[in-house]
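In the order they appear, the protein sequences are chains C and A. Position 45 (the first sequence) corresponds to 45 in the numbering used here; numbering is contiguous. Position 33 (the second sequence) corresponds to 33 in the numbering used here; numbering is contiguous.
If you're looking for bench data, these hints aren't it; they were derived computationally from the structure. Just so it is clear, CB atoms sit at the ideal spot from N, CA and C, and this is done for glycine as well. Just to be clear, a hint being listed does not mean it is correct.
Below, a list of computed lysine to aspartate or glutamate pairs in the DMTMM-like style, where the Cα atoms sit at most 25 Å apart [claimed, not checked]:
hint, chain 1, residue 1, chain 2, residue 2
1, C, Lys-164, A, Asp-132
2, C, Lys-21, A, Glu-23
3, A, Lys-20, C, Glu-125
4, C, Lys-164, A, Asp-73
Coverage of chain C stretches by chain A, computed from C-beta distances (three or more under 8 Å per stretch; other residues unrestricted) [to be verified]:
hint, stretch
5, 38-48
6, 82-90
7, 128-141
8, 189-199
As a plain string of letters, each chain reads:
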Amino acid sequence: MNDVLSAAATPVARLIDEFHKLPGIGPKSAQRLAYYILRTSADDANALAQAIVDVKEQITFCSSCQNLTEIDPCRICRSDKRDPTVICVVEEPLDILAIERTRSYKGLYHVLHGVISPIDGVGPEDLKVEELMGRLQDGAVREVIMATNPNVEGDATAMYLDRKIAPLGLRVTRLARGLAMGADLEYADEVTLTRALEGRQQV
Amino acid sequence: MPARIPRVYRTEAIVLRQRKLGEADRIVTLYSPQLGKLEAVAKGVRRQTSRKAGHLEPLTWSTLLLAHGQNLDIVTQSETVESFMALRQDLQRLARGIYCAELVDRFSEPRVENYPVFRLLAETLRRLSTSDAPADVAVRLFEVQLLAFAGYRPQLDRCVVCSGPLTPVTNAFGPALGGVVCPGCRAGQPGLWPLSVNALKVLRLLQRGDWGTAAGLRVAAELQSEIELLLRGYIRYVLETTPRSAVFVDALRRDPAEALSPTA
Numbered sequence: 001m002n003d004v005l006s007a008a009a010t011p012v013a014r015l016i017d018e019f020h021k022l023p024g025i026g027p028k029s030a031q032r033l034a035y036y037i038l039r040t041s042a043d044d045a046n047a048l049a050q051a052i053v054d055v056k057e058q059i060t061f062c063s064s065c066q067n068l069t070e071i072d073p074c075r076i077c078r079s080d081k082r083d084p085t086v087i088c089v090v091e092e093p094l095d096i097l098a099i100e101r102t103r104s105y106k107g108l109y110h111v112l113h114g115v116i117s118p119i120d121g122v123g124p125e126d127l128k129v130e131e132l133m134g135r136l137q138d139g140a141v142r143e144v145i146m147a148t149n150p151n152v153e154g155d156a157t158a159m160y161l162d163r164k165i166a167p168l169g170l171r172v173t174r175l176a177r178g179l180a181m182g183a184d185l186e187y188a189d190e191v192t193l194t195r196a197l198e199g200r201q202q203v
Numbered sequence: 001m002p003a004r005i006p007r008v009y010r011t012e013a014i015v016l017r018q019r020k021l022g023e024a025d026r027i028v029t030l031y032s033p034q035l036g037k038l039e040a041v042a043k044g045v046r047r048q049t050s051r052k053a054g055h056l057e058p059l060t061w062s063t064l065l066l067a068h069g070q071n072l073d074i075v076t077q078s079e080t081v082e083s084f085m086a087l088r089q090d091l092q093r094l095a096r097g098i099y100c101a102e103l104v105d106r107f108s109e110p111r112v113e114n115y116p117v118f119r120l121l122a123e124t125l126r127r128l129s130t131s132d133a134p135a136d137v138a139v140r141l142f143e144v145q146l147l148a149f150a151g152y153r154p155q156l157d158r159c160v161v162c163s164g165p166l167t168p169v170t171n172a173f174g175p176a177l178g179g180v181v182c183p184g185c186r187a188g189q190p191g192l193w194p195l196s197v198n199a200l201k202v203l204r205l206l207q208r209g210d211w212g213t214a215a216g217l218r219v220a221a222e223l224q225s226e227i228e229l230l231l232r233g234y235i236r237y238v239l240e241t242t243p244r245s246a247v248f249v250d251a252l253r254r255d256p257a258e259a260l261s262p263t264a
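Chain A extracted, bound-state conformation (with noise of 0.2 Å):
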């Protein structure tokens, strides 16, 4: 007889998304330290005295009992860890945190374990939850971040195509080709991007993860969004698709009631 598997196990998690089910339940999708992304069933959360559903809203961080069921794991109890409160009370950032567990999302398979998504991921609400904290430093960090944890580290060292040192020059990035191609190997290259100087710069900084350093950075709009279109190129070539919710947070910003906002 093979040896029981316990019928409830406890994991940490920081939940990325819900959907309904039926009369009260939820789907909600949790990423987990030790278990990657997962799906479990919470019973009953939509109904008013759920000791659960403060729990689960997402962009929580909770301790969870589940149990096993025939398709899908079913939520017994959930405990808050950290709700990052702060990051909920302010649409820029709580826009660009639902932003982030998209991306989480999307780049990750069912219970495929990857410690350091989750880690980046706890850290970058964290930072979208202090209010001083630069927001959309804090999502650049993360998608470059992300894109190296998922296996997509952009080579920004050498020149991806002659491996030679790179200039301070305006080169050029190749989302098909994962890095930075030098002036010299350009020609007959398709669908490459120009990189200023200062943009590879940044870029370097973010990918050694020095979130100190890269919060204290004085970066101008136009590098800004410099960057910003480049990285939302290489994560729109490696996905095959826009993330939904970057509409939003570009809608956000187009608003004028929005422009009044310094927070972003």
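This is chain C alone, in the form it adopts within the complex (with noise of 0.2 Å):
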């Protein structure tokens, strides 16, 4: 794309090129993004860029649940608040995230960094299983909960991690799935509502 940008001054389309490689970024966002960084503030356009380094210099994985962490073990695995009875088993460290805004989980995570996918080649080897196996070991842990996606490949994971640590006789458990909030009874798939039925409660 640099003969189209041969207008831009070299390091602009330096940049323009580099906000091309950013995902859901066109050329057209690039360029104005690229353009916007031009106006911008000395300091905010630093601020950026130190960011972005500090977030490759400073972030590692945590050595225990695998989560992105800048000191390690990270805040949630060193926290005397956390019961370290359970271990909760997600697939993205987005999913931490997503789980902590419930404030309603006081466990510690381990995070997988995938989920296994026959068809795309993705075994239980290139995912952190041996790390979560490991954890297991010295019988702190009594509950592992598989919080992976409620679609075939979570399902195919949290079946295949049930039947490994099976042996150890903890108690493993998945994450409810019934109807979603603001879902509408018409549109469920039957494997929905039958485990929404299954897993009914007293009002």
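Starting from the two chains in their separate frames, assemble the complex, guided by the hints.
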């Protein structure tokens, strides 16, 4: 795209190129962003550049839960307010943010960094499964909550881990599934409705 | 002026796979009885309140309403015909179902109608969701039948070289020749695999597509694995690649935790 941008000065063209590499940013958005940066104060531009550098330099994986962190072990793993006998297994770091927003979970986490997807060639060995098994060996954990997504891959992953953990004699649970807030019974699929009926509770 | 093309059309389809697209969308690969394999965009299905998501999970048979899109068509409505629910609750069966869907995907060209393939996939998923049906036999029958419907039916009744009758001795299978080679013709033929008398018998039975008899068959583990390896080798020869989900099916077998489960 460089010849198209020959009208722009080289550093600007470089910036446009870099923005263009980001997900969801097309050539026009990349140009708008680049010219926005040009107009902002040097302080703001530096802050952005520094934030990007810091993220790459300071963020690592927590050696225990595999979440993204700037200190190891991460804030959740080192907190004394968390219940170390429960581990909630999630697919991605972003899932932790979603669960934390509920403010109703007090245990620890484990991030798999993916999900078993046989058709894409992603197997258990590509996930942080061994790290999870390592955390379960010392007997401190009593329950493992499977919080993988409620779809074929998430189910396959949960079932796989359940079988692997079963010999340890721990309680393995799966997040309930049922009707979403704001959903419509008329459009619910059979699997969801069946699970919703199975998991019904006293009003 | 050309006749106006309707903006939407209705079809049934089994969802073979899906992949993420953008923020909240997915591209679903469908297998339709009338249209064959097609891809379509399912918008917003990764949102929590999507009305379509549950009906577009892999290995679901749904009725769909699709709108012609600029590039890919767009799913506007979906409703489950059959969700094969029991299949989803057993990892061994689920893995095999995914494997069958991958094979259909790999053996099909886009938008080429092949109704027998659709029927075979639907029947196989139903067998895999029946708890007392032997899952591995269902998959072997699926493989043999799919090869036939896709145009790679192995010749099991006569020698592919001399067209002579086959005798009950250890023959050979030639993937490049597409069938069985008798002992007299083996010389000079590269890349042949030995084929036992019993394996040939079972393969012929599978080729007849008689599920009732096949499901009742007691096949020794050794013979089962001979047939599985032969079919896998032939499929690999035809596709020029190994289906990825076969690796997961194997991993489940090797896993000591799985050895406790008698499902397979």
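A quick look at each hint next to the structure:
With a C-alpha separation of about 24 Å, the suggested pair C/Lys-164 and A/Asp-132 falls inside the 25 Å cut-off, and the hint holds. About 16 Å separates the Cα atoms of C/Lys-21 and A/Glu-23, which keeps this hinted pair within 25 Å; it holds. At most 25 Å may separate the alpha-carbon atoms for a hinted pair to count; A/Lys-20 and C/Glu-125 meet this at roughly 22 Å. Annotation: proposed proximity of C/Lys-164 to A/Asp-73 is violated, straight-line Cα distance about 41 Å (limit 25 Å).
Here the stretch 38-48 of chain C counts 0 residues with a CB under 8 Å from a CB of chain A, which misses the bar of 3, and the coverage is violated. Residues of the stretch 82-90 of chain C lying with their CB closer than 8 Å to a CB of chain A number 0, which falls below the three-residue condition for coverage. For the stretch 128-141 of chain C, the assignment as covered by chain A is violated, since 0 residues bring a beta-carbon within under 8 Å of that chain's beta-carbons and 3 are needed. Counting residues of the stretch 189-199 of chain C whose beta carbon lies closer than 8 Å to any beta carbon of chain A gives 5, which meets the minimum of three for the stated coverage.
This entry does not satisfy hints 4, 5, 6, 7, going by the numbered hints stated previously.
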